[in-house]
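Go by the hints and put chain F onto chain V.
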Amino acid sequence: DTAVSQTPKYLVTQMGNDKSIKCEQNLGHDTMYWYKQDSKKFLKIMFSYNNKELIINETVPNRFSPKSPDKAHLNLHINSLELGDSAVYFCASSPGLAGGQEQFFGPGTRLTVL
Amino acid sequence: GENVEQHPSTLSVQEGDSAVIKCTYSDSASNYFPWYKQELGKRPQLIIDIRSNVGEKKDQRIAVTLNKTAKHFSLHITETQPEDSAVYFCAARLDKIIFGKGTRLHILP
Chain V
1 DTAVSQTPKY
11 LVTQMGNDKS
21 IKCEQNLGHD
31 TMYWYKQDSK
41 KFLKIMFSYN
51 NKELIINETV
61 PNRFSPKSPD
71 KAHLNLHINS
81 LELGDSAVYF
91 CASSPGLAGG
101 QEQFFGPGTR
111 LTVL
Chain F
1 GENVEQHPST
11 LSVQEGDSAV
21 IKCTYSDSAS
31 NYFPWYKQEL
41 GKRPQLIIDI
51 RSNVGEKKDQ
61 RIAVTLNKTA
71 KHFSLHITET
81 QPEDSAVYFC
91 AARLDKIIFG
101 KGTRLHILP
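Residue numbers (the working numbering), protein chains in the order written: chain V, 1 to 114; chain F, 1 to 109.
The hints are simulated quantities; they were obtained by calculation from the structure and are not laboratory data. Since the model is a prediction, treat every value here as computed from it, not as a measurement. Backbone N, C-alpha and C define an ideal beta-carbon position, used for all residues, glycine too. Treat the hints with care, as some may be off.
Unchecked claim - Which stretches of chain V does chain F cover? Using the computed rule of at least three CB atoms under 8 Å from a CB of chain F, they are:
#1 35 to 49
#2 105 to 114
Claimed, not checked - Simulated DEER-style distance windows between Cβ atoms:
#3 Asp59(F) - Pro95(V): 13 to 23 Å
#4 Gly16(F) - Asn17(V): 46 to 56 Å
#5 Ala98(V) - Gln45(F): 15 to 25 Å
#6 Tyr10(V) - Asp59(F): 26 to 36 Å
If we strip away everything but chain V, and leave its shape as in the complex, we get:
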């Protein structure tokens, strides 16, 4: 019954590894997002997809590659992980691109890079 789900919930890995986080929404929304929340709790948008198409790509290192196989899924692959990538990553979705629409967040994935 979960609206926006993410896996895994926790991810602990060594520097230099490659990892993926998966996100799925069952709300029928067209738009999905990835946010990064650092240790100071700053929430920063990374990517936005609308109907599988990349709409927003903030100044994120190209080690981060999002993929949207269909509009209900948005995955995030990270290559060559660095210490500074440690954060909580939130997936979110909204009905569409138009303003004034609530964003629904997933439970978050806590990534720890050792």
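Coordinates of chain F only, in the frame set by chain V:
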């Protein structure tokens, strides 16, 4: 691009008192201003929002005011309760949502 400033970063109020969190934004074209609450270890959740054609909106103990001329908006929580303790984020949206840096609200017994 849009920039959202939020104050204070930390706020402690006695249970039963009111709490006010203030935000300013830079892009006068922004037209949607949501407020999210994030409890410890949980996801952010929308608690109230306001659109640029409205000056004030209230939902039980929570209210938001918007001053478009001054480009600032505020969250007011009255009769605070222990469960109001959380981090609150304001945000402004034009083509994408930009979040403020958050306010950690502590409700003191």
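Hint by hint, here is what the structure shows:
no. : hint                            : result
1   : 35 to 49                        : holds (count 7)
2   : 105 to 114                      : holds (count 4)
3   : Asp59(F) - Pro95(V): 13 to 23 Å : 21 Å, holds
4   : Gly16(F) - Asn17(V): 46 to 56 Å : 50 Å, holds
5   : Ala98(V) - Gln45(F): 15 to 25 Å : 21 Å, holds
6   : Tyr10(V) - Asp59(F): 26 to 36 Å : 34 Å, holds
Checked against the numbered hints above, the structure breaks none of them.
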